[in-house]
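Student: When you get a sec, could you build the whole thing from the sequences and use the hints?
There are 4 protein chains.
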Amino acid sequence: MTNSTFLPPSFESDYNNGAHPEVLRHLVETNEAQSASYGFDVWSESAREKIREACECPQADIFFLAGGTQANATVIDALLRPYQAVIAVETAHINVHESGAVEASGHKVIALPSHEGRMTADDLRAYLKRFFSDPTWEHMAVPGMVYVTMPTEMGTIYNKVELEAIYDVCREYQMPLYIDGARLAYGLMAKGCDFDLAWMAHHCDAFYIGGTKCGALCGEAVVFPQWTVDNGQMTITPKGFFTHVKAHGALLAKSRVAGVQFDALFTDGLYFRIGQYAIDMAMKLRDIFEKHGYEVKPSPTNQQFVVLENSQMQALMKRVLFETWEPLDDNHTLCRFVTSWATKEADLQVLDDALAIAM
Amino acid sequence: MTNSTFLPPSFESDYNNGAHPEVLRHLVETNEAQSASYGFDVWSESAREKIREACECPQADIFFLAGGTQANATVIDALLRPYQAVIAVETAHINVHESGAVEASGHKVIALPSHEGRMTADDLRAYLKRFFSDPTWEHMAVPGMVYVTMPTEMGTIYNKVELEAIYDVCREYQMPLYIDGARLAYGLMAKGCDFDLAWMAHHCDAFYIGGTKCGALCGEAVVFPQWTVDNGQMTITPKGFFTHVKAHGALLAKSRVAGVQFDALFTDGLYFRIGQYAIDMAMKLRDIFEKHGYEVKPSPTNQQFVVLENSQMQALMKRVLFETWEPLDDNHTLCRFVTSWATKEADLQVLDDALAIAM
Amino acid sequence: MTNSTFLPPSFESDYNNGAHPEVLRHLVETNEAQSASYGFDVWSESAREKIREACECPQADIFFLAGGTQANATVIDALLRPYQAVIAVETAHINVHESGAVEASGHKVIALPSHEGRMTADDLRAYLKRFFSDPTWEHMAVPGMVYVTMPTEMGTIYNKVELEAIYDVCREYQMPLYIDGARLAYGLMAKGCDFDLAWMAHHCDAFYIGGTKCGALCGEAVVFPQWTVDNGQMTITPKGFFTHVKAHGALLAKSRVAGVQFDALFTDGLYFRIGQYAIDMAMKLRDIFEKHGYEVKPSPTNQQFVVLENSQMQALMKRVLFETWEPLDDNHTLCRFVTSWATKEADLQVLDDALAIAM
Amino acid sequence: MTNSTFLPPSFESDYNNGAHPEVLRHLVETNEAQSASYGFDVWSESAREKIREACECPQADIFFLAGGTQANATVIDALLRPYQAVIAVETAHINVHESGAVEASGHKVIALPSHEGRMTADDLRAYLKRFFSDPTWEHMAVPGMVYVTMPTEMGTIYNKVELEAIYDVCREYQMPLYIDGARLAYGLMAKGCDFDLAWMAHHCDAFYIGGTKCGALCGEAVVFPQWTVDNGQMTITPKGFFTHVKAHGALLAKSRVAGVQFDALFTDGLYFRIGQYAIDMAMKLRDIFEKHGYEVKPSPTNQQFVVLENSQMQALMKRVLFETWEPLDDNHTLCRFVTSWATKEADLQVLDDALAIAM
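In the order they appear, the protein sequences are chains A, B, C and D. Residue 358 is where the first sequence ends in numbering that gives the first Met the number 0, and the numbering goes up by one at each step. Residue 358 is where the second sequence ends in numbering that gives the first Met the number 0, and the numbering goes up by one at each step. Residue 358 is where the third sequence ends in numbering that gives the first Met the number 0, and the numbering goes up by one at each step. Residue 358 is where the fourth sequence ends in numbering that gives the first Met the number 0, and the numbering goes up by one at each step.
Hints are computed from structural coordinates only; laboratory data are not their basis. Among the clues, some could well be false.
Cross-link-like lysine to any residue pairs, in silico, SDA-like; alpha carbons within 25 Å at most [unchecked claim]:
| hint | chain 1 | residue 1 | chain 2 | residue 2 |
| --- | --- | --- | --- | --- |
| 1 | C | Lys290 | C | Val306 |
| 2 | B | Lys238 | C | Val306 |
| 3 | A | Lys296 | A | Leu315 |
| 4 | B | Lys190 | B | Tyr172 |
| 5 | B | Lys296 | D | Arg129 |
| 6 | B | Lys128 | D | Thr332 |
| 7 | D | Lys128 | B | His92 |
| 8 | D | Lys238 | A | Glu171 |
Tutor: So this is what it looks like as C-alpha cells:
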C-alpha cells in the first residue's frame, strides 16, 4: 500500500482526508498514556468539559459515538416510544442516505417538504395540526420528535428566527427537537449564521457535533444540553442512555479515540477555525465558478452545488474530483463540490485553470 | 487535559492503551493523502489484500467496522432470518456484555453450558438433536447459527479437533459458524493453539479479526472467507451486506481510520507479533502469581484470572490496576489481569514487588 | 349490556356488523367438534383446499391470521431482508393507517404517487430505474418488494393490464409482488374488474384474502400461490413462515375460529356473493347521491366517497352513520359511505329520505 | 369438510374445542346488531365494565387482543425501554414457546430457575442484587420488568405469600410485575389458590385474562389495573398503548369478536364456572391415574402431568388423545392431560377403561 504519487485535487467530500494536523498531533502525544475505557478516559472527560463550556450548558450530558448514522439511529430510538415516528424533511439524511437505519430500529420517518433542505415551522405546525385533528390519528405512527440538520444536506442553514419557530412548535406539541450537526462547524461559521453553538444548545433538546466531517478521523459528540428551564422536562438525557448506546452497538471500548480528537477540536477554538477555513475556501470556489459563468445554487456553507452541462462535467472530471448530485435534465447535472480544512489554494487554482481551458 | 504524571501499571484491559507505535506511525504517514470513503480507500483495499493472503482465502469479502458489539450484532442479524436464534455459551460476550444488542435486532441468544468459556460439539449436537425432535419446535425461536469466541471470555482457546467438531455439527445442521475474534491475536499465538488464521478461516463461515483489543485505536475486520469447497454454499457474504452494515449504523464514512490501522497490523506480521508479545508477558505474570502462591485459573492467553483473598485484593489495588471478575465466596474474589503489546517488564516488576511485600 | 333498541343505519365501515349468517351458522354447527390447533384443524384444511381450488393453485400455501395489519407486517417482514424496504403508494394502508407496523418490524415504506389509490407500473419502473442508477443507492434502504391493495383504499381497482404491468416490473427487478386484499371480495366483484381470483393468484407472489371486512368475524387468509413457472423462484413460501408468524404474535392457537369461517366463505361461492351484494348496494347508494345532485368520486367498489357541504354533512349525520374522510376546503368534506353484506334496502331508503328532506 | 364421525376423547389441550355454549349463544344473539369497531363496540365496553368490577379496579384500562403470544409481546414491549429485558423463569412461555416474539420486538428474556414452573422472590431478589452490584451492569441488558404465569406452564399456582413477595421485590426495584393469565380461570379456581381476581389485580401492574384457553374462540383481555395507591406510579397504562397495540398488529378491527365473548365470560361468573368445572374434571382424571398406580406430578390445575412407560404410552394413544411433554429416560415419558369446560364424564370413563385394560 502506498500513497498515489499524483492525485487530482478532490472536492468530493469532507471525509476523504485524514485528521486535521492538530487533531493528529494530540492523538500522537497522548498515545503512550493509559486510560479508562467506555467514555471514562481523561480526554473524553476533558472534551466534555470544553464542549459544555462552548455550549454554556454546565449540566450537559455528552456521549461520543463513532459515526453519524449511528448517532442518529441511537438518539432517535432513545427519544421515541416504539410506535412513534420522527418528523424530518424529504431530503433529510435519515430519510435518504442512512439505509433505513431509523426504520431498522422500529420507527417511521415522516417526510415534510424540503425548502432547499430546510424544514419550516409553518409546514411542521400545519402537519401536526392536521395530524392530531384527524379522527384516525391513533391508527397512525404518532410523531414523537423533530429532526433537522444544521447545515442541511443542501448546504443551507437555519437562522435564529427559523430555528426558534421550529422549537416553539416542538414545545407546543411537547416533542423533542434533535439537530443533526454532522457538518456543524461549517454551518455555525457560515456567513449569515446569526447564532452560535451556545444559542443552538439552548434551542433544542439534543444534537450532535460532527467530528468525522469536521477534522476528526471518526467520532460524533451527542449532546443532551439539559440547560435549566422552568418547563425543562424534555431537555434531559434519556434514562439508561449509556446502555442504550451499547445495545445499538455504538459504544466505543477504546473511547479515547473519540475523546482525544474532540479534546483537540475544542481546544483553542479549532472546531470553529476548521469551519471558518472551509467556508473561506468554499466562497472562493463559488467565486471561481461564477466568474466562469456557472450557476451555483445558494449555499453559504462548505458544500457548493453547481449546474454543469454534461460534456463540461465529463471534461472537468478529468482534472478535479467531485460528485454528481442529481440529473437536472438530459444535458445538465447538479454537481457537488465540497471544501474542508484540507482544501488548498492550489486546489482552487487547478479548478480555476480547468474551468478556464476551453470549457 | 494532561496525562497524569504518575500512574500505577494497569492490567485492567487490553483497550486502555493507545495504538501500537507501528499502527500510529502508519496513521501519521498516511494522514496527508486523500482517499475514497466507505471502505474504498487504498489502505482498506491494501489491508483486505493482506488479510486475504493471511487467511489463504483469495475470495474473502472483508468489511471494517468500528467495534465488536457492533460487528456481532450486524453479522448475526445478516445471517439469520427474523425468527431465528443464535446459539452461544452462557458466558459468551453476546449473551452477557453486549446490552442485549443481538436481541435489539430481533434475535434470541440460546445459551449452552460454558466449559471454561468454550462450547463443546457434544453439547451443541445434543441441543440441536433435542430441539428438532421436540414436536413443538416450530413454536420456538429456531437456532440458525452458532457463535463462538476465540479465545473465549475466560481466556481459554479451542484446538483444531474441538473447533472442527463444532463446525461439523454446523454443517450437518446447515447453519453458519461465526467466530468472534475480538482478541484473536492472543488466541492464535497462545501456547497450545494448534491452528493458524488460514486454518480457522477454512473452518467457519464468518469471523471478525479484532483490532481494538489487539493494537488498534478502533476497528474490527469482518471476514466472510468464501473458501472454495464442493458444497461451499454457506460460506458466502450475505446479500446486500454493505447496506446492511449501514442500516446497523456500522459503516465508517472515513473508512481509512480502520483501513490504515489494519494495513499496519497485517504488515510484517505485526498482528501476530502483538499477540506473541502479550502472551509472553501474560506467562510471566502468571509465573509471578504462582511464585507467590496464588491460584491462577488455566488460561494460555493474555487474560489471567487469579484468586485473591479480599484484603489482599484491596491492598494490591493500591499498587496496580486490575478488574474484579466475580466474587467466589465471602472472602475471595476472582480477579482479571490482562496484558497487551503495551505491557512492560517494569509493570510486571511492580506487580512482583507488590506481591512480595507483606501480602 | 343490551343491544341499542334503535340505531340509525350505518355506512361507517364494513366491519361493524357481525358475521354473515352462513359464516355464523358454520361456527355454530361445528362448535361441538374437537379439532387440532395452530392451523391443523379440519376446517382450516378444508378451507385451504377450497381456496387452492378457487385460485387454481394446487400447491398454494395458506395461513390464517387474525387481522390485516398483522398479515401485512408479518408477510412483509418475511419477504424482506433487514435492510430492505417495501414500495407502496402514498395512500397505502401500510403507509398511513397501520401505526407504523411495517417500520416497527424494521422496514421502510417507500411511497410512490397515488393515482386514486393505485400505483402505476410507469411510476414503479421510473422509481426503480432512478434508484439503481443513483451511485449512492447502496446507502439507501433498498426496495425489496412491492405492495398494492386490491381494491385500493380509495375504492378503485386495478385491471389486468395495470396489474400485469406492475408484476412485469417486479419480475424484471426480481422482487416479489404482494397484494393486500382486505376488501378483495368487493374488488373482484366490482363492475369493470376484468380478472378473477385465479388470474390474480397467477400474477403476484403473495396476497391475502380479507375475511374481517368481507363477512367474517375475524381472519385473513395469507396465500403464497406457488404456481409452477419456469423461473418460479420467488413464488414460494418464505422458509420457516409458520414460526415467523408466531414470532409476530400472529399464530392463532384455536385456529378453527378462522378456519371454520373461511371454510364457509369459500363454500358455494359465498365470498363472491358477499362481494356482489355489497357492490349492488353501493351502486344503488351511489345513484341515490347522484340523484340528489351530489358529487361522488369514481369508485366501482363498496366504498363510496361523496362531497358534502359541511352543514349538510352535520344534518345528515343525525340520520345515518358514516365517516368523514378528509376536509376539502373550509366548507366541504369528503365523506365515506361503505356497504357490506349487511346493508339493507331499508338502510338506503333512510338515506334517500334523509337526502330528500330539505337538504 | 365434515366432522369426523368418531373421535377418541381428547386431553390434548384446552384449545381444541369451540366456544363454551354460553359464549357461542352471545355471539349468535348479538350478531345482527351493528357496532363501532376497534374496541369501542358496546359489548367490549360492557365486558370492560364487568371485568373492572370483578377486579375491584374501577379505573382499570382494558384492551382485547386476539392471542396470548401477541398480548405478551405487545405488553412487554410497551413496558420496557429498548435496552431493557424481562425477567421470567426458564420454563416460561415467553422463554420457550413463543418463537422468540419478545426478542423479535427487541428485548432479552432473562431466565431464572423454575420451581415447578414458579419463580421465587428469593431468586428474583438475589438476581437483581447481584445484577446491580456487578460493576459492569450498564453493559448488560437491564432487567426492566418481571413476568410470571398464573397458573404456570407446569400446572402449578402461586399463593398470596409467594406472589406478594415477588411484587414486593418488583416495587423495591421499581419495575412492573406482569402476569400472564392464559389459563387464569383454572389457576384462580384451583384448590389451594388463596386469592381471587381482585386480590391479584391489586398485586401486579398488568396482566391478561386468557380467553382462548378458557372458553372463548379467541381473545385475551389485557388489564392495566390502575388501582389508586400512594406510590401508584407504575400501575398505569403505558402512554399511547392503543397505537402501540396496532403497531404490533394486535388491534382487532371487528373488536366485537372479543368483546362479545368476554361479555359472556364475565356474565353470571361464567369465567369462574368454566375454571371450576375443568378443575373438577382434572381432579377426577388425576384420581383415575393414581387409582391405576401412575405417578402424577403435583398440579392443582387443569393440566395434569403423568409419567408413562413408553409402551403404555403408545397403547394409550390409541384410545385417548394427549401430548407428550418430555422424555424422562429411555423408557419413560412425561405426558400432559388437559381438561376444559368441554371435558365430559364419558371422556374420563374412556380413559379409565383404557387404563384398566391390560396396561
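Student: Each hint: holds or not?
Tutor: For each hint, the structure was consulted:
With a C-alpha separation of about 14 Å, the suggested pair lysine 290 of chain C and valine 306 of chain C falls inside the 25 Å cut-off, and the hint holds. Restraint check for lysine 238 of chain B and valine 306 of chain C: the C-alpha separation of about 49 Å exceeds 25 Å, so the hint is violated. This hinted pair checks out: lysine 296 of chain A and leucine 315 of chain A have alpha carbons roughly 18 Å apart, not beyond 25 Å. The straight-line distance between the Cα atoms of lysine 190 of chain B and tyrosine 172 of chain B is roughly 32 Å, outside the 25 Å bound, and the hint therefore fails.
Proximity of lysine 296 of chain B to arginine 129 of chain D is assessed by CA-CA distance (about 23 Å); at most 25 Å being required, the pair is judged to hold. Note on lysine 128 of chain B and threonine 332 of chain D: the hinted pairing holds, with a Cα-Cα distance of about 17 Å set against a maximum of 25 Å. Simply put, lysine 128 of chain D and histidine 92 of chain B have alpha-carbon atoms about 21 Å apart, close enough for the 25 Å limit, and the pair holds. Of the pairs offered as hints, the one joining lysine 238 of chain D and glutamate 171 of chain A holds, with about 18 Å between alpha carbons and a cut-off of 25 Å not exceeded.
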